[in-house]
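First to last, the protein sequences are chains A and B.
For the first sequence, the numbering used here gives the first residue as 1, with consecutive numbering after it.
For the second sequence, the numbering used here gives the first residue as 1, with consecutive numbering after it.
Hints in this document: simulated from the structure, not taken from any laboratory.
Predicted model only: the values in this text are computed from it and were never measured.
Cβ coordinates follow ideal geometry from the N, Cα and C atoms, glycine included.
Misleading hints may appear alongside valid ones.
[Said to hold, decoys possible] Quick look at which bits of chain B chain A covers, simulated, 3 or more residues with Cβ under 8 Å:
| # | segment |
| --- | --- |
| 1 | 166–173 |
| 2 | 235–249 |
| 3 | 263–271 |
| 4 | 321–327 |
| 5 | 456–470 |
| 6 | 488–501 |
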Amino acid sequence: MKVKVLSRNPDDYVRETKHDIQRVPRNYDPALHPFEVPREYVRALNATKLERVLAKPFVASLDGHRDGVNCMAKHATSLSTLISGACDGEIKVWNLTKHNCVRTIQAHEGFVRGMVVRFCGTSFFSIGDDKTIKQWSMEAPGYGMLEEPINTVLGKTVFTGLDHHQKEGTFATCGQHVDIWDEQRSTPIRSFSWGVESFSSVRFNPVETEVLASCASDRSIVLYDMRESTPLKKVIMTMRSNTVSWNPMEAYYFTCANEDYNLYTYDMRYLEKPVTVHMDHVSAVLDVDYSPTGREFVSASFDKSIRIFAKDTRHSREVYHTKRMQHVVCVKWSADNKYVMSGSDEMNIRLWKANAAEKLGVLSHREKLAANYNQKLKEKFQHHPKVKRIARHRHLPKNIYTDAKEHTVMREARRRKERNVRKHSKPGAVPEKSEREKHVVAVVK
Amino acid sequence: MASAEEAPERTHVEGKKKAPPKRYWEIEENKDEHTGGGDGEEKQTPHPNSASTRKRRRRRNNNNNDNKLQKVDGTQAVSGVEKQAVSGKRDPFPGSAPVPEENRLKFRRKMKTDALPRLTKLRSIVAGSRAVDDVTEIESARYDRLLLQEDAGFLEGDEDEDTCTVSQEDIAEAVDITAGAKYFNLNLSQFGPYRLDYSKTGRHLLVGGRRGHVACLDWQTKQLMCEINVMETVNDVKWLHSEAMYAVAQKKWLYIYDSSGIELHCIRKFNDVLRMQFLPYHFLLATASATGFLQYLDVSVGKEVAAICTKTGRLDVMCQNPQNAVVHLGHSSGTVTLWSPNQKEALVKMLCHQGGVRSVAVDKTGTYMVTSGMDKKLKVFDIRTFKPLQSYFLPAGAASLSLSQRGLLSVATGDIVQVYRDVWSTPVKKPYMAHKVRGPVWGLHFCPFEDVLGVGHGEGFTSMLVPGAGEPNFDGLDANPYRSAKQRQEWEVKALLEKVQPELITLDPGKLGQVDIATFEQRHQDRVNALGYDPMAKDKFKPRMRKKGRSSTGGVERRKNQVAHEDKRDVIVATMEQKAKTEKEREEKNINMEASAAQRSALDRFRKRKAK
Numbered sequence: 001m002k003v004k005v006l007s008r009n010p011d012d013y014v015r016e017t018k019h020d021i022q023r024v025p026r027n028y029d030p031a032l033h034p035f036e037v038p039r040e041y042v043r044a045l046n047a048t049k050l051e052r053v054l055a056k057p058f059v060a061s062l063d064g065h066r067d068g069v070n071c072m073a074k075h076a077t078s079l080s081t082l083i084s085g086a087c088d089g090e091i092k093v094w095n096l097t098k099h100n101c102v103r104t105i106q107a108h109e110g111f112v113r114g115m116v117v118r119f120c121g122t123s124f125f126s127i128g129d130d131k132t133i134k135q136w137s138m139e140a141p142g143y144g145m146l147e148e149p150i151n152t153v154l155g156k157t158v159f160t161g162l163d164h165h166q167k168e169g170t171f172a173t174c175g176q177h178v179d180i181w182d183e184q185r186s187t188p189i190r191s192f193s194w195g196v197e198s199f200s201s202v203r204f205n206p207v208e209t210e211v212l213a214s215c216a217s218d219r220s221i222v223l224y225d226m227r228e229s230t231p232l233k234k235v236i237m238t239m240r241s242n243t244v245s246w247n248p249m250e251a252y253y254f255t256c257a258n259e260d261y262n263l264y265t266y267d268m269r270y271l272e273k274p275v276t277v278h279m280d281h282v283s284a285v286l287d288v289d290y291s292p293t294g295r296e297f298v299s300a301s302f303d304k305s306i307r308i309f310a311k312d313t314r315h316s317r318e319v320y321h322t323k324r325m326q327h328v329v330c331v332k333w334s335a336d337n338k339y340v341m342s343g344s345d346e347m348n349i350r351l352w353k354a355n356a357a358e359k360l361g362v363l364s365h366r367e368k369l370a371a372n373y374n375q376k377l378k379e380k381f382q383h384h385p386k387v388k389r390i391a392r393h394r395h396l397p398k399n400i401y402t403d404a405k406e407h408t409v410m411r412e413a414r415r416r417k418e419r420n421v422r423k424h425s426k427p428g429a430v431p432e433k434s435e436r437e438k439h440v441v442a443v444v445k
Numbered sequence: 001m002a003s004a005e006e007a008p009e010r011t012h013v014e015g016k017k018k019a020p021p022k023r024y025w026e027i028e029e030n031k032d033e034h035t036g037g038g039d040g041e042e043k044q045t046p047h048p049n050s051a052s053t054r055k056r057r058r059r060r061n062n063n064n065n066d067n068k069l070q071k072v073d074g075t076q077a078v079s080g081v082e083k084q085a086v087s088g089k090r091d092p093f094p095g096s097a098p099v100p101e102e103n104r105l106k107f108r109r110k111m112k113t114d115a116l117p118r119l120t121k122l123r124s125i126v127a128g129s130r131a132v133d134d135v136t137e138i139e140s141a142r143y144d145r146l147l148l149q150e151d152a153g154f155l156e157g158d159e160d161e162d163t164c165t166v167s168q169e170d171i172a173e174a175v176d177i178t179a180g181a182k183y184f185n186l187n188l189s190q191f192g193p194y195r196l197d198y199s200k201t202g203r204h205l206l207v208g209g210r211r212g213h214v215a216c217l218d219w220q221t222k223q224l225m226c227e228i229n230v231m232e233t234v235n236d237v238k239w240l241h242s243e244a245m246y247a248v249a250q251k252k253w254l255y256i257y258d259s260s261g262i263e264l265h266c267i268r269k270f271n272d273v274l275r276m277q278f279l280p281y282h283f284l285l286a287t288a289s290a291t292g293f294l295q296y297l298d299v300s301v302g303k304e305v306a307a308i309c310t311k312t313g314r315l316d317v318m319c320q321n322p323q324n325a326v327v328h329l330g331h332s333s334g335t336v337t338l339w340s341p342n343q344k345e346a347l348v349k350m351l352c353h354q355g356g357v358r359s360v361a362v363d364k365t366g367t368y369m370v371t372s373g374m375d376k377k378l379k380v381f382d383i384r385t386f387k388p389l390q391s392y393f394l395p396a397g398a399a400s401l402s403l404s405q406r407g408l409l410s411v412a413t414g415d416i417v418q419v420y421r422d423v424w425s426t427p428v429k430k431p432y433m434a435h436k437v438r439g440p441v442w443g444l445h446f447c448p449f450e451d452v453l454g455v456g457h458g459e460g461f462t463s464m465l466v467p468g469a470g471e472p473n474f475d476g477l478d479a480n481p482y483r484s485a486k487q488r489q490e491w492e493v494k495a496l497l498e499k500v501q502p503e504l505i506t507l508d509p510g511k512l513g514q515v516d517i518a519t520f521e522q523r524h525q526d527r528v529n530a531l532g533y534d535p536m537a538k539d540k541f542k543p544r545m546r547k548k549g550r551s552s553t554g555g556v557e558r559r560k561n562q563v564a565h566e567d568k569r570d571v572i573v574a575t576m577e578q579k580a581k582t583e584k585e586r587e588e589k590n591i592n593m594e595a596s597a598a599q600r601s602a603l604d605r606f607r608k609r610k611a612k
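Please build the complete structure, drawing on both the sequences and the hints.
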């Protein structure tokens, strides 16, 4: 007779001293782990609930401006520095880690209209209602010294927007024309105009560095090549666009913030219809900025909220608002992809987390593993109705909530009317237009 | 092997010159020579292992040629490019070792067999996730054997010796002293017969005598935790999720005691309970009562989840399917019914026996169900398809059944306990083991993670050694027999956090992770049923009231008719279009048929003539 009976040596399963860690032998046999899917589902549900519980996006408010914040600029090389310009011509340099203002400059008379940091990070430019372009050093002046610009250029007309080239010493302004300036000269080296209009924003393409996009007041978005003497092409929309932002990773896409409450992502090669229409705001969208990964962007709106959209989805994944935040004029996504900065009318700059439920600070290895696992679970079960309902739920201020409701009713009524018109007209006389086609009037080359 | 032939010449020339020792950066130059020389050497003095290595290599090559395996195993894909070591040697077996199919089978998820959905986007997503599953399957199978510490027990007889003739004393003597100590008897003749239950980790034993004696003990150290007499009939005893609490079904009510014997609850909603089952992942205690009620108690919140009137009389045969938490009840009519707390009707009713059902057991994988009946038969069913697999005749009939983790079946007939092996695959002739206890058997349970069968009988309790019964390797995070108090607390919190809701108990728990391909119509129909009306239905046309006498009855009727006609016209147009389309298709088919008919074969003369 040959016999063996299970007989375990407890020494193999119990720790020797209490200073050791506990021994945990594993057996991954699926038969020993029943209810694999239901248990994962429960975990996913818990993770989703926890995410909503831990969603505390607001980090800090930077106050100190004495008028509404009109523009902001990210530092090119330092993550902790932010520059903001107010409606009274004051520029403040902030230290984001300490949440304090490190430097104040009375730069312009009237609004500071635009600011940009030079690609090397040693100086920055500002434009104002006083028709000047000023270049400032990033270094604060020594004790007792006056704040003096390095360089001042007096223009002929008021400037409304400013952007700097990625690699060279040239920058672009817009006002009544789009001008290209050399840093060394006091007159523009090139000037673009296409009909009589005024421009509100100009941006250099981050990859194809000679290409620019600008928003004009005749409801058009115009594309330029700096090396040519004439603009490339423009798309005319039903309403005016306020700002435009290029996708830093797929730089043939740009997104414009429109007055008709929507944002439009275009492919610069095919302007006939936008790639995506992003709709959720209930008032004019004033500013937009892409995340450095190019997967998401943040938009600021006149409806006192900021929203975060994925680059290819129609609806926002996140909305941020507070009771005290008024019309949000400018917004920036930080270069480490972790924070969003918003400047609003009531003189404050707010610092938000880009991912509302993310834990800040150093994570231990196990925390990281748990976060990754939960993220994967949430992804896996995102379409289950219970999970979806919890993940999608956001509290909205009453005015946004009612307005959004009203807008859906209006949209539905318009759709119904169109359907009825189509029904009572000759077949083919009223073609069906998708949402993407509705907002483009014409493309001019 | 051109290089091998060249090698002697080159060495001969080089021997004179005395070449400098080779440097590691001179790989490119001397590579061929080096490997060639190595091969030649191997040929001259055959290494004892060379045959086996060659065989391995051949097998390896076969695997590489096997296209299917290469595609599935992601690590194999790069095998075309051989890695080169610094010394210039080539790795003869690049990539990771292939995993045999039979090892992988254990980790295969059931969902994989389902068809891919038809929608292209969804299809690619599902296909992608299955590819990931494949990789996990391979990787878990690869390290499975290495990680497991213990081997299962076994009992083999000598030539012409039946294992069933081996007595317990012999086994206990043959094995080591700790294992031998697991064979013991408790003489409790006063309050028997006894029912018993092992805790989920297998460390703790709970026995309940019919005449009120309840005791729980750490049976391996033989340490008594508590011993009480409830002074009432005890029908069944059951551990709850941990060894801190247990439930006792007494004459009238259901009671919960803690491990020191203090009565925690008396649950008056649960009366006349005869049998109980605990569903560990749902924290549900399912009870079957003499009044025909199947009730579920959520022990984490103390609420009754469901009370189902089965309308089948006294319920004293019960077991659970550990894979899907469905409760199986056996009835005196010979049927076995399957229940979930979400449905007032049985999920399945199976007619299993001609007499009443005496006992039911379901195996760990949730594949097989074993039943015994008053017709003295023992039947095995596949409960995925609900089909009978085997039927045995036991002259004495089986009063109670129990299945072990590794699939051994114990059968109690009178005072004899028999253990069978592999009852579902091949017809079994002889029992694997047999043992006679001193009184009629009342309760029978295999101990999890041990080679032990607990038998409760009229004269007390017997712990029997059954080699090969228990799963040798436990999972430390699921059920750890050696866990400390701290680990138990940790586990309890984790388990409570991922408590599965009773609504998720279904016949196939994996359904939750699959794509819901229910058609739109079906979903719509469900919605109509749920709401009681059709939310998408067109509003009935209501003619507008017109003033100045233009809304005469005739006029209204005419307008109504106009709208109705318009609707009808739409429907007619659609059906006509459909008809035209099918007609056209049919014609095309006919043309094809005629074209093929033009080539007549010899057998066509037997074909029926077409009427012209």
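For each hint, the structure was consulted:
Taking a C-beta to C-beta cut-off of 8 Å, the segment 166–173 of chain B contributes 3 residues in contact with chain A, enough for the three needed, and the coverage statement holds. Remark: the segment 235–249 of chain B is not confirmed as covered by chain A, as 0 of its residues place a Cβ nearer than 8 Å to a Cβ of that chain, below the required three. Look at the segment 263–271 of chain B against chain A: 0 of its residues bring a Cβ nearer than 8 Å to a Cβ of that chain, fewer than three, so the hint is violated. Coverage of the segment 321–327 of chain B by chain A holds [criterion: at least 3 residues with CB-CB distance below 8 Å; count 4].
Counting residues of the segment 456–470 of chain B whose beta-carbon sits less than 8 Å from any beta-carbon of chain A gives 3, enough to reach three: the coverage restraint holds. Taking a C-beta to C-beta cut-off of 8 Å, the segment 488–501 of chain B contributes 5 residues in contact with chain A, enough for the three needed, and the coverage statement holds.
Hints 2, 3, counting from the list given before, are not met by this structure.
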